[in-house]
Amino acid sequence: MIAPVLSPRHLAASIVGASLAIVLPLVGTVFTACGEDSGATTGRRVVLATTVEVAPAAEAGFTNAFGFEITLDRVLISVGELRYFAGAPIGRRDPPLAPGLTGPRLVHAHPGHYVAGDELGEMLDPLTVDVLAGPAALPDGQGITGEYLSASFRFASPPVGSLADDLGGAVVLVKGTAASADLEIAFELSAAHDQVLDTYGEPLIAGCPFTAVTVDRDGAVILTVDPTLWLDQVDFSREPDVVTGEPVVLDPAEVPHQAFVRGLKKAAAYGFSFIPNPGASP
Amino acid sequence: MTRRTAVFLGLALAVVLATALLGPARAQSNGSPEGVVMPSLVIRAEPPWPATESGIRDVVVLLEVVVGVDGDVASAEVAEGVGEPFDAIALETVKEWRFEPARAAGRPVAARIRVPLRFVPTEAPRTEGTVSPVNVDVAPALATAEIEPEPRSKDGGSIPAATTGEPAPPPAPVEVLVVGRAPARTAGAVRRDRAVLEAAPHHTASDLMLAVPGTFVTQHSGDGKAHQIFFRGFDAVHGQDLEIWVGGAPVNQVSNVHGQGYADLHFVMPEVVERIESLSGPYSPDQGDFAVAGSMCFLLGYPEPGFTLRTSLGSFGARRVFLAYHPEAQPAASFAAFEANQSDGFGVGRASRRASGIVQWVRPVGDDAALTVSAASFAGRFGSAGVVRFDDLESGRVERFDSYDTNQGGYSSRTQLVASLEGSDGAYRYALAPYLVFTDLTLRHNYTGFLDDPVDGDSTQQQNDATTAGFRAHLERTLTLLSSYDSVEIGVASRHDAIDQAQRNVRGTTPNVSSTTIDARVHATTVSGYLDAKLHPIPRLLLRGGARWDAVGFVVQDHTREGGQRSSQGARFGPRVTADVAVAPGLHAIASYGQGYRSPQARSLGDGERAPFTRVWATEGGVRHRGRALEVAGSAFYAQLSDDVVFLETVSRNEPVPSTERRGAVVDFVAQPTPWFTSAIGLTYTRAAFREASSTYDRGALVPFVPEVVLRSDLAARPRLAELLGRDLVGTAGFGATWVHRRPIPFGEFGDDVALLDARVTLRLNEIEVGIESFNLLDREWNDGEFVYASNFEPNAAPSLIPVRHFTAGAPRTVFGTVTLYL
Chain A
1 MIAPVLSPRH LAASIVGASL AIVLPLVGTV FTACGEDSGA TTGRRVVLAT
51 TVEVAPAAEA GFTNAFGFEI TLDRVLISVG ELRYFAGAPI GRRDPPLAPG
101 LTGPRLVHAH PGHYVAGDEL GEMLDPLTVD VLAGPAALPD GQGITGEYLS
151 ASFRFASPPV GSLADDLGGA VVLVKGTAAS ADLEIAFELS AAHDQVLDTY
201 GEPLIAGCPF TAVTVDRDGA VILTVDPTLW LDQVDFSREP DVVTGEPVVL
251 DPAEVPHQAF VRGLKKAAAY GFSFIPNPGA SP
Chain B
1001 MTRRTAVFLG LALAVVLATA LLGPARAQSN GSPEGVVMPS LVIRAEPPWP
1051 ATESGIRDVV VLLEVVVGVD GDVASAEVAE GVGEPFDAIA LETVKEWRFE
1101 PARAAGRPVA ARIRVPLRFV PTEAPRTEGT VSPVNVDVAP ALATAEIEPE
1151 PRSKDGGSIP AATTGEPAPP PAPVEVLVVG RAPARTAGAV RRDRAVLEAA
1201 PHHTASDLML AVPGTFVTQH SGDGKAHQIF FRGFDAVHGQ DLEIWVGGAP
1251 VNQVSNVHGQ GYADLHFVMP EVVERIESLS GPYSPDQGDF AVAGSMCFLL
1301 GYPEPGFTLR TSLGSFGARR VFLAYHPEAQ PAASFAAFEA NQSDGFGVGR
1351 ASRRASGIVQ WVRPVGDDAA LTVSAASFAG RFGSAGVVRF DDLESGRVER
1401 FDSYDTNQGG YSSRTQLVAS LEGSDGAYRY ALAPYLVFTD LTLRHNYTGF
1451 LDDPVDGDST QQQNDATTAG FRAHLERTLT LLSSYDSVEI GVASRHDAID
1501 QAQRNVRGTT PNVSSTTIDA RVHATTVSGY LDAKLHPIPR LLLRGGARWD
1551 AVGFVVQDHT REGGQRSSQG ARFGPRVTAD VAVAPGLHAI ASYGQGYRSP
1601 QARSLGDGER APFTRVWATE GGVRHRGRAL EVAGSAFYAQ LSDDVVFLET
1651 VSRNEPVPST ERRGAVVDFV AQPTPWFTSA IGLTYTRAAF REASSTYDRG
1701 ALVPFVPEVV LRSDLAARPR LAELLGRDLV GTAGFGATWV HRRPIPFGEF
1751 GDDVALLDAR VTLRLNEIEV GIESFNLLDR EWNDGEFVYA SNFEPNAAPS
1801 LIPVRHFTAG APRTVFGTVT LYL
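In order, the protein sequences belong to chains A and B.
When we follow our numbering, the leftmost residue of the first sequence carries the number 1, and every step to the right adds one.
When we follow our numbering, the leftmost residue of the second sequence carries the number 1001, and every step to the right adds one.
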C-alpha cells in the first residue's frame, strides 16, 4: 500500500514545483490587479459657480427691427432656478455624416420638438440682479459631469435679494432710451410673473442654448442675457400718447409691451456657457 | 477573452503543469521501487476511546509518521484528523508503535509513511468495514510514502540498523474508512467550522458569512429584511450572485420582486449552524442558478447535549430567548431549536421582532444510509429608517439615526420542509433530497422622498409570495478509468416556483395605493442535470469536472394589462473543470475554470422570448496547504459577466447594466494549534469594472458598491480556568474584526471605510454560562450603505435633480448580557 520514493532529483523537483505553485499565482495576481479600469465609478459631481452678465451688444447700445437706437440704463432680472440638460435645443442638431447615404433623415414638425433629456446641473437659489452693473455672481450650483447642451431659465417670484424692491413686484425691469428719426423717449418696461408664464403655467423659459461643452470638472456657468432680443420687435411709435423727450412707462395692454413680453420668452435671449476652473482636475 | 485573461489562464495552467511535471512521481499505488522494502509493523498499540466522547461508529485518524532507522516513530503528525481529543490520543498512541525499518539496497533507512489509527467505541461492537457517507479520498492517502534521507554518521557512514529481534507477523489487513474532511474543490473554497463561527458574537446567520473571506454583509433596510451581501468583488445584493443552501433547501428566490435571488437567512439561528462551506465561482457542476460569485452551504447541527435555555438582554430594548434540545446519543445534526427576538432598534423606525423554529432529525436507514428530515419556520416584522442625506445631517436638519419616513419596513415569513436520503451501496453513493418552501415578503420603502411625486411622495410597496417545490439528487459511482479511485457522478435537480408579486406606489404615510406598476403571477420551472467526473490521469494530478445543463421556463400572468399572459424559455450549458496537483503532503496547487449563469427576472421577458441568462465565465488559480494546526490558502481569480445588474434607487430594484468583470485575490488563514484556541483571517482584494459602455456607465469604470478590500479576523480562546464545585470553569474570549476599504459609489466617489470590532466574553461552569457580547465595541460611527442619487424629502418643494450622498446608518455599540442554562 505504500511506496517510498525520494531522491535528490525528486526533492529538487518538489521544491521547484512548490515554488512555481506559489510564485505563479502571485504573478497572475499582479497582472490581474493592474487592470485597465479607471479606478472610479462613472461620472463625477461638480460645483458650478454661476455668473449673470449682459450681452455685449446690449451694453453698447443697439438698433432694433423698427430702427430705434436703444441705449439701456438698467436691466433688473429676478433670476430663479437655472437647470442644465443633456438634450439639444431646437435648431442645433448634429448634421448627418454623409447626407443621403446615412438612411432616412429624422423629420421634425415645425419648429421641432425640444426634449430636455437628463438634467446635468442646476442653480436653485433665486437672486435679483442688475446685469448692466457688471457680471453678477449667483450662489453656487451643482451638477454632474457630462455634455451640457441646453438649459432652462426661471423667473423667481417673488423676487429675492437687495434689488428685489426695485422691481416693484415685477420679475423683470428694463429702463433706457429709444430714439428714431422722429421720436426720442426714455422708456420703462417691466413684466410681472403672470405675463411670463409658459403653456404649462410656469414662469419658465425652456430650451435655452448652452454652448456645447463637456463638463468634466468644477467651473463656472455664465448666463448671458441678451435684452436686444427682448426689445427687437418693440415699435415704440405705436405706444399711444408718447411724446418726444418725455419718459414713458409702456402699457401692458398695448402692442409694444406685448412685443417685449414675447421677446422675454425667446430662449435665445438666455445663453449659457461654461468655463472650467483653471486649477480643477477632471 | 482579454490579453490579461489569457495571461492569467496561462499562468494558472502553468502552475498545474509545472507542479505535475516537475514534482516527483512518488505516489505508487502498487508495489515498491526496486530494491526498497517498506517498514513493517512490529508492535502495535490500540488507541483508547476518549472518555469524554460518545459514539457508535469507529473513528479513524490518519497519521503521517517518520519511521527511523531504528524502527521507532521519530515524528508524527496528523494527516487527516477528526478533531480533538482523537487527534491528540492518536499522536500519543503511535509513539508506542515499533517497526521493522524500511530498507533500501539492503540497508535500513528512515521512511515517511501514512498509517491509520482506528478508535473503536467501548460500548459498541467493533464493526469492520463500516461505511460512512463522508467523502474522503482514502486510497491516495494510504498510498503515499517517502523515504527520509539516510542518516549519516560523523564519518559519513551509515548508522547501523538497530536490532529489532524477530519481527512479529504483520496484522491482518482491515478495511479502513477515514472520517475526515473532503478535499477542497477549488483554491478559493472555504470551510468555516463552529470553532471559527463562534469566535465572535453574531446576530443572525447572515452575519456568520462575515467569517468567509471576501464577504461583507450589511442590513440597510431594517432588522428583518434580507441582508445585502458583498462577496469576492460582487455586490450580490440580496443573493443574486451567491447561491445559498440551508439544511438542504435553496434560500435564493427566483424572480423575487425586490431582487433576483433574494435570500433571507433570518430563519436560521446562528447557534445551529454547524459549518459553512463556501465554494468560489461556478467551478463545480452541482452549482446552479445564482452561483455567479460562488455558493454557500449552511450545514445545521447543535452539539450541546440536553436542553439549552439562553436569555439575552441588550441595548435598545433588545430581548432574546433561545431554546434548543439535542439528544445526547444522537449526532449533532439531530436537534430542535427555537428563537424569539425583539428590539426597539437603535434609532427611529427600527423596531423589530421575529420568531423562528428549526427541527432536524437524522436516522440511519439500514447499514449504509441515513435519512435526514428537517422543518423550519420563521416570521418577522421590522421597521426601516431608510436613508439620510449627508447634507441634511451636516446642516442639522436630521440626526444620524433619524428617519424621513417611519412607515418604512415590512414583514417576512418562511417555512421549509426538507427530507434527504444519503447512502452508499458498494461502488455507488447516492443522495435524494426533496424540499418544499413557502415564503412571504412585504416591503415598504421610500428612497427618494418626494422627488417623483411632490404631493403624495415616492413610497413604494412590494409584495412577493412564493411557493417552491423541488429536489436534488445524485448518483456517484467509483470506477477504474485512469486509476482505481476515479469516479463519475450524475446529478439531477429541479424546482418549481409559483409566485404572486406586486409593486405599488403608496400615498404619503397612508396605505392607499396611488398606482400599480407590477401585479403578476409567475410560474418558474428549472430543470438541471450535470455530470461530474473525478479522474487521476497521472499520480498526484486530480482532474475534476464535467458539465451542467439548465433549462428554465417562465409563465407570467401580468394583471396590469389586458391579455398579459406570456411565456418564455431558455437553456444554458456550462463546462466546469478543476485540476488539482498534490505538490507536497498537504500542499495543493489548484486551477479551475467554469461557466455559470444567473436566470433573468421573469416579468422582464416578452412572450416567446428566449430567456436571456446572464452568463459568467470564471477562472481561478492558487495554492492550499493544510497541516495539523494550520491551513493556508491563496488564490487569484477572474470572472466576466455577459451583462449585470446594479441597484437603482429610483425604482427600488436592480436594473440591467452592460458586461462587467472581476479580478481579485484571496488569502485565507486558519490556525487551531490547540483545542482551546482558534484564529481565522481572510483578506480579499477585488476590482469590479465595466467591460462595455452604456449611456450611464463608461467602459473601465468601477462597478458601484463593491468594496475592494475586505479583511476579517476571528479569534477565540476557550481555556479551562479552574475547577470549581467539582466542575470545570471554562472561559471564552473571542472577537471578530472587520475592515472594509474603498467602497466605490456612483459619480466617482468612495464610501467611508468600515472598521468594526465585535467581541464576547463568557464563563461556563458546566450547567450555567454567563456572558457579555458587544457589537461595534469601539462605537465607531459607520455607514451601513452609501448611495449617490437625487432625492427630495421636502413635500411641495422644487426638487434638486442632482445626485447627492445618502447613507443608511450602521448600528452603534450594542451590548448584550446573556445567561445560558445547559440541562
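It is worth saying that the hints were derived from the structure and are not from the lab.
Just so we're clear, the structure is a prediction, and the values are computed from it rather than from any experiment.
Positions of the beta carbon are idealized from the N, C-alpha and C atoms, including for glycine.
Accuracy of the hints is not assured; some may be wrong.
From the derived model, a few chain A residues whose C-beta atoms are all more than 12 Å from chain B [as the list claims (entries may be wrong)]:
(1) Gly43
(2) Glu81
(3) Tyr84
(4) Glu119
(5) Gln195
(6) Val243
(7) His257
(8) Pro278
Chain A side only, calculated, beta carbon under 8 Å to chain B, not exhaustive [said to hold, decoys possible]:
(9) Thr41
(10) Thr42
(11) Gly117
(12) Gly121
(13) Leu124
(14) Gln142
(15) Gly143
(16) Ile144
(17) Ser190
(18) Arg217
(19) Asp251
(20) Lys265
Not close to chain B: a few residues of chain A, all C-beta gaps over 12 Å, as computed [claimed, not checked]:
(21) Leu48
(22) Thr71
(23) Glu122
(24) Ser162
(25) Asp166
(26) Lys175
(27) Asn277
(28) Gly279
Okay, the hints, checked on the actual structure:
With a least CB separation of 5 Å from chain B, Gly43 (chain A) falls inside the 12 Å interface cut-off, contrary to its annotation. The beta carbon of Glu81 (chain A) sits about 6 Å from the closest Cβ of chain B, which is not more than 12 Å, so the claim that it is off the interface is violated. With a closest Cβ-Cβ approach of about 10 Å to chain B, Tyr84 (chain A) is found to fall inside the 12 Å limit, against its non-interface label. Here Glu119 (chain A) does not stay apart from chain B, with its beta-carbon only about 4 Å from theirs, under the 12 Å limit.
For Gln195 (chain A), the requirement that its beta carbon stay farther than 12 Å from each beta carbon of chain B is met, with the minimum near 21 Å. Chain B leaves Val243 (chain A) outside its interface by the beta-carbon criterion, the shortest separation being 44 Å against a cut-off of 12 Å. Consistency note on His257 (chain A): stated as away from chain B, and its beta-carbon is indeed over 12 Å from all of that chain's, at 29 Å minimum. Distance to chain B confirms Pro278 (chain A) as a non-interface residue, since its nearest Cβ pair spans about 21 Å, more than 12 Å.
A distance limit of 8 Å between C-beta atoms decides the matter here; for Thr41 (chain A) the minimum to chain B is near 5 Å, and the interface restraint holds. Taking 8 Å as the C-beta cut-off, the interface hint given for Thr42 (chain A) holds, the closest approach to chain B being about 4 Å. At a threshold of 8 Å, the smallest CB-CB gap from Gly117 (chain A) to chain B is about 10 Å, leaving the interface hint violated. Interface hint status for Gly121 (chain A): upheld, as the beta-carbon distance to the closest one in chain B is roughly 7 Å, under 8 Å.
Below 8 Å, beta-carbon pairs count as interface contacts, and Leu124 (chain A) has one with chain B at about 6 Å; its hint therefore holds. About 5 Å separates the beta-carbon of Gln142 (chain A) from the nearest beta-carbon of chain B, less than 8 Å, and the hint is met. With a least beta-carbon distance of about 6 Å to chain B, the hint placing Gly143 (chain A) at the interface is held under the 8 Å criterion. A least Cβ separation of about 6 Å between Ile144 (chain A) and chain B falls short of the 8 Å threshold, and the interface hint therefore holds.
Evaluation of the Ser190 (chain A) hint against chain B yields a violated restraint, the C-beta minimum of about 24 Å exceeding 8 Å. Interface restraint check: Arg217 (chain A) against chain B, minimum CB-CB distance 11 Å, threshold 8 Å, status violated. Interface hint at Asp251 (chain A): violated, since its Cβ lies 33 Å from the closest Cβ of chain B, which is beyond the 8 Å cut-off. The beta carbon of Lys265 (chain A) is not positioned within 8 Å of any beta carbon in chain B (closest approach about 20 Å), and the interface hint is therefore violated.
Here Leu48 (chain A) does not stay apart from chain B, with its beta-carbon only about 9 Å from theirs, under the 12 Å limit. Separation of Thr71 (chain A) from chain B is adequate, the least Cβ-Cβ distance of about 37 Å exceeding the 12 Å criterion. The Cβ of Glu122 (chain A) does not lie farther than 12 Å from every Cβ of chain B; its closest approach is about 6 Å, which violates its non-interface assignment. Distance check for Ser162 (chain A) against chain B: the nearest CB is about 22 Å away, which clears 12 Å, and the non-interface claim stands.
Against chain B, the non-interface label of Asp166 (chain A) holds: every CB pair exceeds 12 Å, the least being about 25 Å. No Cβ of chain B comes within 12 Å of the Cβ of Lys175 (chain A); the nearest lies about 30 Å off, and the non-interface call holds. Consistency note on Asn277 (chain A): stated as away from chain B, and its beta-carbon is indeed over 12 Å from all of that chain's, at 17 Å minimum. The Cβ of Gly279 (chain A) lies farther than 12 Å from every Cβ of chain B, with a closest approach of about 18 Å, so its non-interface assignment holds.
Comparing the model with each earlier hint shows violations of hints 1, 2, 3, 4, 11, 17, 18, 19, 20, 21 and 23; every other hint is respected.
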